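Undergrad: So the chains spell out like this:
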Amino acid sequence: MRPLDLLWLVPALPIAGAALNGLICLFWPKAGKATATLIGVGFPGVSMLVALAAIWQYLHGTNPAPFEQTLWSWTTGTFSIPIAFLLDPLSTVMLFIVTFVGFWIHVYSAGYMSHEPGYRRYFAYLNLFMGAMLLLILGNNFLVMFVGWEGVGLCSYLLIGFYFDQSFPPQAGRKAFIVNRIGDFAFLVGMFALAAKYGTLTYSKIFPVVVSAPEALKEHYALGLSFAGFVALCFFIGAMGKSAQIPLYVWLPDAMAGPTPVSALIHAATMVTAGVYMVVRSNAIYQLAPEIGTFVAVIGAFTAILAASIGLVQNDIKKVLAYSTVSQLGYMFLAAGLGAYTAAVFHLGTHAFFKALLFLGSGSVIHAMGGEQDMRKMGNLRKFMPITFWTFALGTAAIAGVPGFAGFFSKDEILHNTAATGHWGLFAIGLFTAGLTAFYMVRAVAMTFFGKFRGTHEQEHHLHESPWVMSVPLLVLAVGAVSSGWVGIPELLGGGNSFHHFLSPVIAQFPEHAIEHPEMAASTEWLLLIASVVAGLIGIGYAFMLYGRGEMGGAVWAKRFPAVYRVLDRKYWVDEIYDRLIIKPLGSFSRFLWKGFDDTIVDGSVRALAWVTETSAQGGRLSTTGNVRHYALYFFLGVLGLFWWILRS
Amino acid sequence: MNAHDLASLTPEIILAGGGVLLLLLEALLPSLRRAFTGIALVVVAAAVWGFQSVPSGASNLGALDWNGPVRAFAFAVLLSTGICLLASQGYLRREKILSGEYHALLLWSACGALLLLRATELLTIFLALELLSICLYALAAYHRRIAIGTEAAIKYFLMGAFVSAFVLLGIALLYGETGSTRLDQIGAAFALSEKFPIIPSLGLALVLAGFAFKMSLVPFHAWSPDTYQGAPSPFVAFLSVAPKVASAMVFIRLLQVAVANPEMIGRWSGIVAFLSVASMIVGNLLALVQRDIKRMLAYSGIAHMGYLLLALVVPGANSIGPVAVYLLSYVLMTSGAFAVVTLLYARAGEQHQISELSGLGFRYPLLGGCLAIFMLSLGGIPPTFGFFGKYVVFMNAVTDGRWGLAIVGVLASLVGVFYYLRIVYTLYMKPESRLAAETSSGLLIDGWGRAAAILAAVGILAFGVWPTRLLEWVLGSPWAP
Amino acid sequence: MTTFLDLLLGDTLTRLVFLPAAACLPLLLLPKGNAKVAKFYALLVSLLELGLGIAYVAARWVPGGGFPLLRDVAQGSGVGNPPGLPWIGAYGIRYDLAIDGISMPLALLTLLLLPIVFLVSWKGIEKHWRSFTAAFLLLTTGILGALFAYDLFVFYMFWEVMLIPMYLIIGIWGGERRVYAAVKFFLFTMAGSLLMLVAILWLAFTYKSLAGVWSFAYQDLLRLDLPLTTQCWLFAAFALAFAIKVPMFPVHTWLPDAHVEAPTGGSVILAGILLKLGTYGFLRFALPLFPQASVKAQPWLVGLALIGILYGALVAWVQVDMKKLVAYSSIAHLGFVMLGLLAFDLVAWQGALLQMVNHGISTGALFMLVGMLYDRRHTKKFDEFGGLAAVIPIFSFWLVFSTLASVGLPALNGFAGEFLILLGSYRTLPWATVAATFGVVLAAVYLLKMLYLTLWGPLTKEENKSLKDLSWREMFALLPLGVLMLWIGIAPGTFLAPSRPALESLLGDFHARVAETAPDEPTLRALAPILIAKPNPAAETATSQDGEGR
Amino acid sequence: MSLPNSVPVSWFLVLAALLFAIGVAGALTRRNGIGIFLSIELMLNAANVALVGYSRLLGERTGQIMVLFVMAVAAAEAAVGLGLFIAVYRQRRTIDVNRLNLMRW
Amino acid sequence: METAIFLIFAALALGSALMVVTHKSPVYATMSLVVTLFSLAVMFVLLGAPFIGALQVLVYAGAIVVLFLFVLMLLNISKEEHQQEGQTVHRWVALLGAGAFVGLVVPLLYRATQPRNAGALTEQFVSIREFARDLFTRYLLQFEIVGLLLLVAVVAATVVARKPPAAPSGAPGADSPVSEVEP
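Residue numbers (the numbering used here), protein chains in the order written: chain A, 14 to 662; chain B, 24 to 504; chain C, 62 to 611; chain D, 13 to 117; chain E, 70 to 252.
Treat the hints with caution; some may be incorrect.
[Claimed, not checked] Pairwise CB distance ranges (calculated): (1) C:Ser270 with A:Val222: 39 to 45 Å; (2) B:Leu52 with C:Lys93: 41 to 47 Å; (3) E:Gly172 with C:Thr578: 54 to 60 Å.
[Claimed, not checked] Cross-link-like lysine to any residue pairs, in silico, SDA-like; alpha carbons within 25 Å at most: (4) C:Lys510 with A:Ile191; (5) C:Lys510 with A:Asn510; (6) C:Lys529 with A:Gly35; (7) E:Lys232 with B:Arg117; (8) C:Lys93 with B:Arg473; (9) C:Lys510 with A:Ser180; (10) C:Lys188 with B:Arg386.
[Unchecked claim] Listed next, the stretches of chain D that the computed footprint assigns to chain A, with coverage defined by at least 3 CB atoms under 8 Å from CB atoms of chain A: (11) 35-41; (12) 108-116.
Hints in this document: simulated from the structure, not taken from any laboratory.
Just so it is clear, the structure is predicted and the values come from calculations on it, not from any experiment.
The C-beta atom is built at its ideal place from N, Cα and C for all residues, glycine as well.
Same shape as in the complex, but just chain A (with noise of 0.2 Å):
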């Protein structure tokens, strides 16, 4: 049996383990905690094998074409979905993240969540978050995406609200899940569309048309869009539930509840980047609308700055991170809708290793702290913790952007792209951006490590390194978020760009008007290059500037730009705009919908009718008054009324 054709076992065996855990952990509470890393994490690493193994078999394959595999049909008859995966290159790329990167984090969470209760559940969710996330990227239709989609989403929803006995997790866990509804309701009214139109949902039934036929989709459809541009705005609007874009991004921060290896799976490395998959996946309807793609790429160019701004002066660890990763999920997106769909999925790829990397260490720092996030209340950890030190350094040149790593290569090619197609306000907008990524991680890194140990004196009495359960995974990531990038030099530095050209079948080849290939001037290209790595060292070096002794060196902005700190301390008050403008009015329209109109009006008027009908009867016996004269006289006035029919002409 080919390798290719157990595709099915890799989102399989890490549902099994979910359901296997999950099962454990209800009906036999007092198993032990062996068996639940063992199913854990050993069908998720098998499910990884798996995977590598056909990837393996994929790319060295006698046949290059896509692989498909179909399993049963999940609705028959006129309109028939089939339950069926898809191995392209697309999905190879994200196959192998999400099982490489996903199966190190589940090693890591066997140490780090090793003292938790509901370690068990813990894993349960994981694995089924694993299962959702491969049926999202292996799917061959949107339906399986999209089994996938709600799969993460209610994953997320679980993790976030991991420790459920406090107030917060869960309600922040609330909030993603219907922060990413909100996305998934344009989501599917896309694919409404798109059924409606074409009768199907599967990728290669649809694209191909898309692509011999491409006039049809660009007659007016609805909302003064063509039907491509309808399509593209519903999936972009469904991935910035899921990839936390302006203005759906506000869930992401709060994510930040549940515990760190699941920040670092799904909320940097895997779940948040599916809408940039999505997109990409569709390469060749947004292709079809330009409009909606600039409308993307200022999303994405806005959302990074604004995030940034926001990460320059968070304290907490973890939110510095997941700030970050807004921030570079716009940069994706930027690149995305640009047309550079294979820079986005670079920049996805080796965001994937460092921000992973990032997260763990961060965890292993918060681990060490005995659950302490607050960076103030940290510095001068190096000494304490060398491996995470260095791994998280590695880390922080990679998104910083430093010549050779990973997250250089990709930044680069994005910025690359903006300004070949001629947006330099995007551009200036990626830079100032890739300024602000370098010092607010370098800020994270010097108030962590650097200076003078500020906790209590019991946390540094218990300060020590992570188990090797945690730092093998650290160091693993380590190297992928240095090299992760090398696969990916562009020509200009003398590398083939093997990536771009990996990826190539993946986007859709129009031959009327096909991609105008951006060239530019080697000189120009290498002054942007310059531009950027300048960009990144100010931000390296301020940030040292003022951090780097250990002192709180940005109170001095805050002083001298008090009105500014605030803003960007209370995040641009998103989160109140959005409580007073949406939820509380719909709130207070609900009780009035409840209390106002469908108890007092709608009921009201049955209990009025009610109220009629028995206050006139009540008038109505009256009439029957006891007294045998009225009786009669009713009679005869009776009698006389038919006397009166009667004879009336």
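Go by the hints and put chains B, C, D and E onto chain A.
TA: For chains B, C, D and E alone, coordinates are given in the frame of chain A:
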């Protein structure tokens, strides 16, 4: 009077003779009192058996009539008599007023009702009406210890006598203007009349009003709640149905006469429609607010007569069947309901508050269940006979193109459902009241009474699921007015 | 000639319908005080009935194809051999039961829920177990009869028969305001159905005047081609009856009251089946009988369905009573079904039918869970809960699972139905579908709120700290529903296939009739092809045996 | 024997109508139960006049026979009715119908 | 001559009838009824029904009215109580109704029979023998019914007028005043 005529009178003779027999027994063998119910039942059964020997068609010089629907009506009357007798035994014993006069009067009134519904001649109609009425006045006052009983009787009597005078005047006008007292001849005169026959129509209206009074149609209805409330409960099982059944037949006969002249169909339809709608609305509305179950049933009876008239708005050969079916169902459920009321209320002279039934459904499962069935049937909810009764009259209204009336009917019956349900929920959903627990000791629930309830309930359910034969028989019977 | 008794004793729908009613008789013989005997008897009968139902369906299942239209008596005895047994000859009413792919899933769901109801009521119902059992058995007879009836008069009979047991169930075993709720339920339903009765009478009479003979048979009345105005009036009467049952805005207010007061078992059946009969009525009767009127009324009804979805969701969101929240959620969910039905699209209809089943399963499960909580704490108010997940994890798992099914999470049943409905209705009603899709968001909002307020957060109430987790009995009750939720979610195709031919032919006929213009005078069409039934093998054998006997 | 015939029958009928109306007015306005009953007797007699009048007009005897029966009926009614008055009076010490209203509404 | 007799006795009948309905004392009212009945007996004779006229005097005025008087004496109801307040509306409606009745019916009756004059009286019409023959042949059934009716009336009268039997010991509600129905 020949053998034919005599044979035609078999049921009446049996009933009247039975009454005399009971009277004699009361005088001669009062120790047999406990057996009177049985004897009377045998008499009633014999009268039903006597139906066979009644030759079809007219008899007694065209004064009486007999055919399928009439037979159904007569059966309905005797059915209610039977149920009334069954329910009476326990009551009379409990109240210590058991005597043969009661049974005799009841049989005579049944005889009167039978004559009334068979009569096709005005003089016979009047006399049968009086025979029936006088028995009813006496029976209403039968429990003389209770103040409301005599009050009920006096109200009924005064109203009845007052109305009799109108009927008589109407008869005089009809007779005088058409020269005959036989309905068929009057109808022929109507049909021949080239002009609009005004004075006979007024006479007809007077007679019709009289029978509308007996049927307690609005606005001639006001006596019935008071009378039902005061009269002995088991007797109301008869009072609330038998006179209505008999009067309904007369009503139909009169309508047949009235519409003999095509010019008048519209007017009489209007009258019947008005009576129907008024009865449905007023009956249901006022029943809604009653606290006394007997008054409630009285108003419900008013409403039911309203439904009944739906089939008569366009009187024709096909109206009689639905009316007969409806009346049979009405007999079963109303008589049955009063039978249960008799058994479940201990204090004859007081109000029969609905609330006293609280929780009794579980204390007396059989009677409670029967009462619930009667209520659901009265509400017209399948699978009960009451539903079929409603169905056939509504169907008739729709067939006549009067679906506006049918809609009024269903809406009115919706109000009806509310108060019938009140009984059901009082029986089953309210906690048993202390009062009920105390007074239940005064109850006398005998086998006869149970039999009455079971008979009616089984009939309702049986005809509710299998009305086939009955409908075929009643609807398929030939009918000549 | 087949008689009713033959049917009752044979492997027929009649037996399925009347077995529960017949099973009430032995109840009278059971000892009065002993609830345990009654409980086991109830369970036994319901399981037997379920077994018979499954056997009936399984024996006639055509693998891979649709479920055929089967009649108890395919050919009767009268002139022209109409199907069914003669019942009330005077009005041409025939006792005619039939099953097809549309009624089959709902019937099976009914049979499945019945033992579950008894299981969940095991402890919660403390008094009058015999009556309780009888009420549910009679209710089952009514429901199955209404589902199988192919004669409109018979349908109406069964339709009303359902009312009384449900009224008693709410009124006797319900909560504090049970009487109010029960009466309200009864009157609302009755109000609609009485007008429907008039409409049915009108139809039959029109048929009589055209064809010369009385008939209430579905296949006969379907042949009526009525003028548009007439259709509209009659449709209004039917639609009102069914809309009240569904319930659609603005005739929904009986539902929250009824649910809040009903005992758990009552709520399960009410939400699980009774509401479906409203939508079933639309699908089976209101739409096919009056196609042009349906098309004319479509915008209005779609509007009401949308209001139901959004309004139900918003109102559910602010509830403080757990059961009321679930009740309002039913309004929203049934709104989806109505939208699907009104799309007049095959996929949407398939989805709607599936969603009827789904809602029965997932909302039924939710009501059961609320009931289990109520059994333990005797309250349904959110204030009293919070953090329960720490104490009763198995309960929490089920609540989360059922809630997610209700939310419409993919791979669970709710999604399959909603997705197909929206997918199908998007073709004909795009904007309405977009609005309805937004209801999916709101579903998450209010249902997750429910989870949050009950399961998550700190455990503050002292009384909750010693709650017992689900017993085996309760888990057994939930298990089949859980399995179905997952199964339908993962492979809805299995559940869609049986009903497809029936829906297809119904829809085909519908569209064919809509394409024609309504006549000025009532006319009679040729027999619609959709209603030609295959003979029921079992009934046929019964007939032949009977024939030999003579 | 031949009797003169100078008074038109319609006069008698008018007399009957007037008497009937007076009876109705009395029945509706009197409070004493026996008074009401007296008025009803008036009404019956009015009807009798009409019957006999019509009988004369038609030259047919049914009307007269009817009057004979009506008298019997009136007697019967009177017997029962007056018995009822006695029964009521025994309990209530009044036969004023305004006061016989234990049952109402 | 007949006209004069008619007018006189008609006036007498109407006048005494008015007395019946208006006189405060029931006894006087009853006595007035006797006058009315006598006047009507004269009318019957005028109409060629002397037998009926005789019966009117014998049965009606003789037996029935005496029964009335007897009961009135027995109950010792000398005069009516004063009209209560609030009954005036009822009274006026009743009177108006009666007036309307007269207004509707009298002209109709007067006009309707005007052209048709009764034929001459015949021996046969007046004959009591013929009357009896009719009574016992054509109207035998009705006669039997009346017989039953009278029997019933006797039984009924005894049933209602008899003293009530003693209440069963301890039974509630016997002879006790009945609670009023609250509105």
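Undergrad: Taken at face value, is the distance from the CA of B:Arg117 to the CA of E:Lys232 at most 25 Å?
TA: holds (19 Å)
Undergrad: Are the Cα positions of C:Lys93 and B:Arg473 separated by 25 Å at most?
TA: holds (20 Å)
Undergrad: Are C:Lys510 and A:Ser180 close enough, with their CA atoms no more than 25 Å apart?
TA: holds (13 Å)
Undergrad: In terms of beta carbon proximity below 8 Å, does the region 35-41 of chain D have 3 or more residues touching chain A?
TA: It holds, with 4 qualifying residues against the three required.
Undergrad: Is the straight-line distance between the alpha-carbon of C:Lys510 and that of A:Asn510 25 Å or less?
TA: violated (49 Å)
Undergrad: The hint says 54 to 60 Å between E:Gly172 and C:Thr578; measuring C-beta to C-beta, is that right?
TA: The hint (54 to 60 Å, Cβ to Cβ) holds, given that E:Gly172 and C:Thr578 are roughly 59 Å apart.
Undergrad: If you draw a straight line from the CA of C:Lys188 to the CA of B:Arg386, is it 25 Å or shorter?
TA: Given that 25 Å is the threshold and the Cα spacing comes to 13 Å, the pair holds.
Undergrad: In terms of beta carbon proximity below 8 Å, does the region 108-116 of chain D have 3 or more residues touching chain A?
TA: holds (count 7)
Undergrad: Should the hint that C:Ser270 and A:Val222 are 39 to 45 Å apart at their CB atoms be regarded as holding?
TA: Cβ of C:Ser270 to Cβ of A:Val222: about 55 Å, so the range 39 to 45 Å is violated.
Undergrad: Is the straight-line distance between the alpha-carbon of C:Lys529 and that of A:Gly35 25 Å or less?
TA: holds (20 Å)
Undergrad: Verify the proposed pairing of C:Lys510 with A:Ile191, using a straight-line Cα cut of 25 Å.
TA: holds (10 Å)
Undergrad: Measuring from beta carbon to beta carbon, are B:Leu52 and C:Lys93 in 41 to 47 Å?
TA: Between B:Leu52 and C:Lys93, where Cβ atoms are some 42 Å apart, the hint holds.
When the structure is compared with the earlier hints, violations turn up for hints 1, 5 and for no others.
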